[in-house]
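Chain W is fixed; fit chain H onto it per the hints.
Protein chains: 2
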Amino acid sequence: MIQKGLLVVLSGPSGAGKGTVCKAMLPAMPEMGYSISCTTRQPRQGEVEGVNYFFKTREQFEQMIRNDELLEWAEVYGNYYGTPLRYVEEQLSEGRNVLLEIDIQGALQVKKKYPNGVFIFLIPPSLEELKKRILGRGSETEESFKLRFGSAAEEMNYINEYDYVVVNDKVEQAVDRIRSIIYAELCSVKRNREYYNKLIQEGTKHAVSFD
Amino acid sequence: MIQKGLLVVLSGPSGAGKGTVCKAMLPAMPEMGYSISCTTRQPRQGEVEGVNYFFKTREQFEQMIRNDELLEWAEVYGNYYGTPLRYVEEQLSEGRNVLLEIDIQGALQVKKKYPNGVFIFLIPPSLEELKKRILGRGSETEESFKLRFGSAAEEMNYINEYDYVVVNDKVEQAVDRIRSIIYAELCSVKRNREYYNKLIQEGTKHAVSFD
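Heads up: the protein sequence lines correspond to chains W and H, in order.
For the first sequence, full-length UniProt numbering begins at 1 and goes up steadily by one.
For the second sequence, full-length UniProt numbering begins at 1 and goes up steadily by one.
It should be emphasised that the hints constitute simulated quantities derived from the structure, not laboratory data.
Think of the CB as a built atom: it goes at the ideal place given N, C-alpha and C, for glycine as much as any other residue.
Careful: at least some of the hints might be erroneous.
According to the in silico footprint, chain W covers these stretches of chain H (three or more CB under 8 Å from chain W) [to be verified]:
(1) 85 to 91
(2) 155 to 167
(3) 183 to 189
From chain W, some residues computed to sit far from chain H (all C-beta separations above 12 Å) [unchecked claim]:
(4) K18
(5) E47
(6) E75
(7) V110
(8) R133
(9) A153
(10) R193
Using 20 Å as the maximum straight-line C-alpha spacing, the simulated EDC-like pairs for lysine to aspartate or glutamate come out as follows [what the hints assert, rightly or not]:
(11) H:K131 x W:E202
(12) H:K198 x W:E161
(13) W:K198 x H:E161
Chain W with its partners taken away, still in its complex shape (with noise of 0.2 Å):
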C-alpha cells in the first residue's frame, strides 16, 4: 500500500534515553531499517562496532563531510555525530521503514530535506529522572553534567518542531508508543492519497458494471 519507505526520526534531548529505546525497537518491529550512525567520540561500556556506532577518528569523520557522505552530521559536546546518507536511501527506495535515532540539531537537519518524514520527541518523564540519568551514565564530570543538563531543559523548547511526543517512563511502553505512531502513519490518508485514488477508480468501475 505505501509506495515508498517511512523514514521516522526518533530525537529528543540528552538523557531521554534514546538509545536504550531505539536498542529494543528492535526486536519489536525487526522488519525496520536501522540507521547505525558514525561518531568520534569513544565508545561507552559495552558498545559495539557497526552495532552501536561506527566509530571514526576525526579525519575520516571530516573526509565523510566533504564526500557528502551524510545525511546530517553535528559536533555535540566535541564530539562528531552524523548519519550515513546511502543506507538511508537505499531502504527508502526499496519501500523499507527506516529509523533514525538522532539528536535536536540532527533531527532539525533531516526535516529539510526529508520534511515527509515522522518526527518523534522522545522526553525523560522529569527534569529530576533526567538528572538521574545523567548522572547514572558514570561518564559526566561535574562540568561535563551541568552542561548536560541544562542543555537538555533548554531542548525541551524543541517539542514543537517535532510531530509526536513519546514520554520514556518505561521503555516497554515507549516502544509500544513509536511502534502505535509508525503503524498509524502508514494508515494515514495523506500518505497514501495516490493509491486510494486508484482503488476508488476500481470501485467505481465495479459498481458501475455490476449488473
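Relative to chain W, chain H alone:
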C-alpha cells in the same frame, strides 16, 4: 497529558465489518467509552438492546430528533440510525476517549461538529470479500444486496474525507491498527501544544536556576 478526551469515529462502507471490529475493540481498549447508537431497524440475530443498539420505534426516534438529543442521525435503507449526544459529551468533558461506530453520512455530520475528531475509514480487503460478507449476513434480498453492494463501492469515494484508512483483513489486525492510531493521536504534538508549552516554560526555569 490530555486536557479533553479524543473523539474517534470508526466509519466506512456497508459490509466493511465496522460492528465486528468495534466489538473486538472493547476488550483491547476497555478504558475507552463506547457510544451505543439508536436505530429503528430490526435487531439481527444475537443483537441485544443496550449492547449493540438502543432499538427505537420511528415515533421515538423522530422525537429524539426534535429534542436535539442526537449528535448525528441518518436514514439508511429505510431505517434511522443515530448517536445519542449526551453520552459523547459527558465522556469527552471528563477527558475520556470515545469511539463512535457510524456510517459515512453520520461521520460527515460529526466531522462538522468535531473537526478535531479522529476519522477512521474501515474498508474490506477487496470488493470480492465485501460481496461475500454482505451475502453472509443472510439478511439480504437480491434487491437489497444490489443496493448495498453498489453503494459500498461508491462509498469508497469518501476516503479522502478521513484521516486514516484501516483494511479489515483480519479483525485482530484491524483492532491493533485502530489502537495504534488512537495512541499515536494521543502523542501528537498538535493535540498537546498547550501542555507542552507549559512544560517548556518549566524546563527553561529549571535550566536558568540550575546552579
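Practice problem: Enumerate the violated hints, using their earlier numbering and listing them in ascending order. | Solution: Of the numbered hints given earlier, those the structure breaks are 1, 9, 10, listed in rising order.
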